[in-house]
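Taking the hints into account, I'd like the entire structure generated from these sequences.
Residues per chain, in single letters:
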Amino acid sequence: MSAFRVHVGDVVTVAVAKTFRVVDSTSIGRETSAADIDGWDSLSHTMLLMEIEQGLGFELPLDTVYGAKNIGELIDVICSIREEATE
Amino acid sequence: MNRQDAATIPALVRKWARERGSNPFCTFYAASGETEEVSFAQLYGRSAAYARQYKALGIARGDLIIIILAHSPHLFYSYLGAMLAGAVPSFMAFPTVKQPLDVYWEDHVALFERIRPQLVVTYEANVEAALAALERVAVPLLVARESILDAPPGLPEPDVVEAQLDDVACLQHSSGTTGAKKGVMLTHRAILDEVAAYAEVLEFGDGDRIASWLPLYHDMGFIACFMSSVVRGTHLIELDPFEWVARPAILLDAIETFKATLCWLPNFAFSHIANLAPRNRTWDLSSVRAFINCSEPCKADTMDRFVDRFADAGITSDRVHVCYAMAENVFGVSQTELSRPPARMRLERDAFDRGVVAMAHDPSVGVIDIVSCGRPLPGVEVAVRSPDGSEPAAAAIGELAVRSPFLFPGYYRMPEKTAQVLRDGWYSTGDLGFLAGGEVYVTGRVDDMMIVHGRNYYAHEIEATVNTVSGVAPGRCVAIGVDDARSDALAVVVLLEREPDADERMLKRNVKEQVFERTGLGLHSVHIVAAGQLLKTTSGKISRKKNKELYLQFAATSVSA
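Heads up: the protein sequence lines correspond to chains A and B, in order. The numbering used here applies: residue 113 is where the first sequence begins, and numbers increase by one. The numbering used here applies: residue 15 is where the second sequence begins, and numbers increase by one.
Rather than coming from a laboratory, the hints here were simulated on the basis of the structure. Bear in mind that the values here come from a model prediction, so they are computed numbers and not experimental data. Treat the hints loosely; a few may be bogus.
Unchecked claim - Listed next, with one range per pair, are the computed distances between beta-carbon atoms:
1. B/Ala124 / A/Lys181: 40 to 46 Å
2. B/Val460 / A/Gly169: 19 to 25 Å
3. A/Lys181 / B/Thr571: 29 to 35 Å
4. A/Gly167 / B/Asp318: 29 to 35 Å
5. B/Tyr137 / A/Ser139: 36 to 42 Å
6. A/Glu171 / B/Tyr137: 23 to 29 Å
7. A/Gly167 / B/Arg319: 23 to 29 Å
8. B/Arg437 / A/Ser139: 34 to 40 Å
9. A/Lys181 / B/Asp461: 32 to 38 Å
10. A/Lys181 / B/Asp515: 49 to 55 Å
11. B/Glu138 / A/His119: 35 to 41 Å
12. A/Gly184 / B/Gly219: 51 to 57 Å
Cβ coordinates follow ideal geometry from the N, Cα and C atoms, glycine included.
Next up, the structure:
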């Protein structure tokens, strides 16, 4: 696993924990989805994405990151955006 | 009243094309800052192209056309084209990115069986799922494509079907569970009269520009923004609702760029913008005459925070206003005066909870601040009724009833529902409130309706969906609305008892997914309680009120723990 992917995973996990006030961040994994976390709806998803953007230091294209089914997919999408940008 | 005399909506579309042809009708503003402008001449030409297409498909006067389109200028063309062809259009919400298309379209079958549309207009991605469902109700499909806008050679100009003022111009469908949607019938006369009455109060003139991110299947986006701009011949700045949710500050960018003067927002949107607009940016919003809070309970705190946040942009408390509106009255019922900040009343909490309006003089008692929704629009009457229909004692909260020159004639093909709410020319709104100083104050609901992000949902419909989820103990669930301080919006929480062998995590997930798929509502949370823990009313039904109190006690304990 690349260092960048590990970094994205960390940023996303911290952002999910902070946005939705998840006390035990070890409960957040690749399979975790909006349905598993209290208060995760379309509006708070925006807050989460802004938190992630702040952690990563770049903006995410909206048309891709809203379709992710779970945290694993979200991490994959973010990594692929960056890989495409650097190709 | 400055109504466009003897005109209908399609007649006005033609009139503005002749008189203001090169003026912009709408500028589509994207998050990237890119714009697409549609002039009044283009609006007419492209809408006429849709009218021709409809006529070629055999659409006749009075036929119902359902329009399910994502954000694009085709929303306007397909809608006004239907009116030019004498048909009756109705916008409906399109499936969100996370809604399975087959479920979305299947849910529309029962609705379409009842309302029998002659045509559904939608976009390419829907075709496969839509055809599978529509086949069963024999409703044809038209895919909105650019090629429709190219006038095919050999076809004559559309024979414009001259609508009459009292023809039904369109249907506005309520939100909530698809099958139970009610289609509010609106005539040309009613829309024109409402726009004229509302324009009088707002002093809406040719120089006004509305900025909107609101979806067109909602009355605020449809009437206050789209129809007002069509009827008055003014410039509309239109944002994609999806882009706005993700980047709420683009509304401020659009207002600043185009010097917009009027902007309607539900209460949660004021918070969403104030919370997420980048702190390192400033805007010049001095062109705005009024941000108007509508479609959700308006909160004094929210409005104050918005004014504080954007004071440096030129926003003062006399530019943040309140409107009370409903589709059944086309849109506006009452509006605060633009010359001063909305009035507020500080009431005693205990008295308020008993339905009594008592001004709070003692600062030590619990208080609640209620913001005025202003005076009724010209010609509109608002009355307060007791549960038995009589006039309540002075200073009492009761159900608000509305009578007006532009009140709807009924729900489409729902005579029983119509008879329940429309009696002797008065519409029973289901809203609770009171009148003071000639102004309307709205305090809550008679029924179990909950307004989330400007859309209406009924607790009993959510509970019916939860009951279909495998693993939920039959009939053992309740949906309640609680204030979410973080988002400043109502959050819907489900409490349920489970079957002994049901997996808790999967059950919670399935309940959230099913409710979202069937109603479009994202539940805040699902809580599984022990068997027999849900509280009942004296008549043996699961009590929303008692279980809400139970939940709030539990939530307070969890926070303090």
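Taking the hints in turn, this is what the structure says about them:
1. B/Ala124 / A/Lys181: 40 to 46 Å: violated, 28 Å
2. B/Val460 / A/Gly169: 19 to 25 Å: Violated: the Cβ-Cβ distance is about 51 Å, outside 19 to 25 Å.
3. A/Lys181 / B/Thr571: 29 to 35 Å: At 34 Å between Cβs, range holds.
4. A/Gly167 / B/Asp318: 29 to 35 Å: holds, 31 Å
5. B/Tyr137 / A/Ser139: 36 to 42 Å: holds, 39 Å
6. A/Glu171 / B/Tyr137: 23 to 29 Å: holds, 27 Å
7. A/Gly167 / B/Arg319: 23 to 29 Å: Since the Cβ atoms of A/Gly167 and B/Arg319 sit about 26 Å apart, the hinted range of 23 to 29 Å holds.
8. B/Arg437 / A/Ser139: 34 to 40 Å: Taking Cβ atoms as reference, B/Arg437 and A/Ser139 lie about 54 Å apart, which means the hint is violated.
9. A/Lys181 / B/Asp461: 32 to 38 Å: Roughly 35 Å apart at Cβ, these two residues keep to the hinted range, so it holds.
10. A/Lys181 / B/Asp515: 49 to 55 Å: For B/Asp515 against A/Lys181, whose Cβ atoms are near 26 Å apart, the range 49 to 55 Å is violated.
11. B/Glu138 / A/His119: 35 to 41 Å: Holds - the Cβ-Cβ distance for B/Glu138 and A/His119, about 38 Å, lies within 35 to 41 Å.
12. A/Gly184 / B/Gly219: 51 to 57 Å: Cβ of A/Gly184 to Cβ of B/Gly219: about 54 Å, so the range 51 to 57 Å holds.
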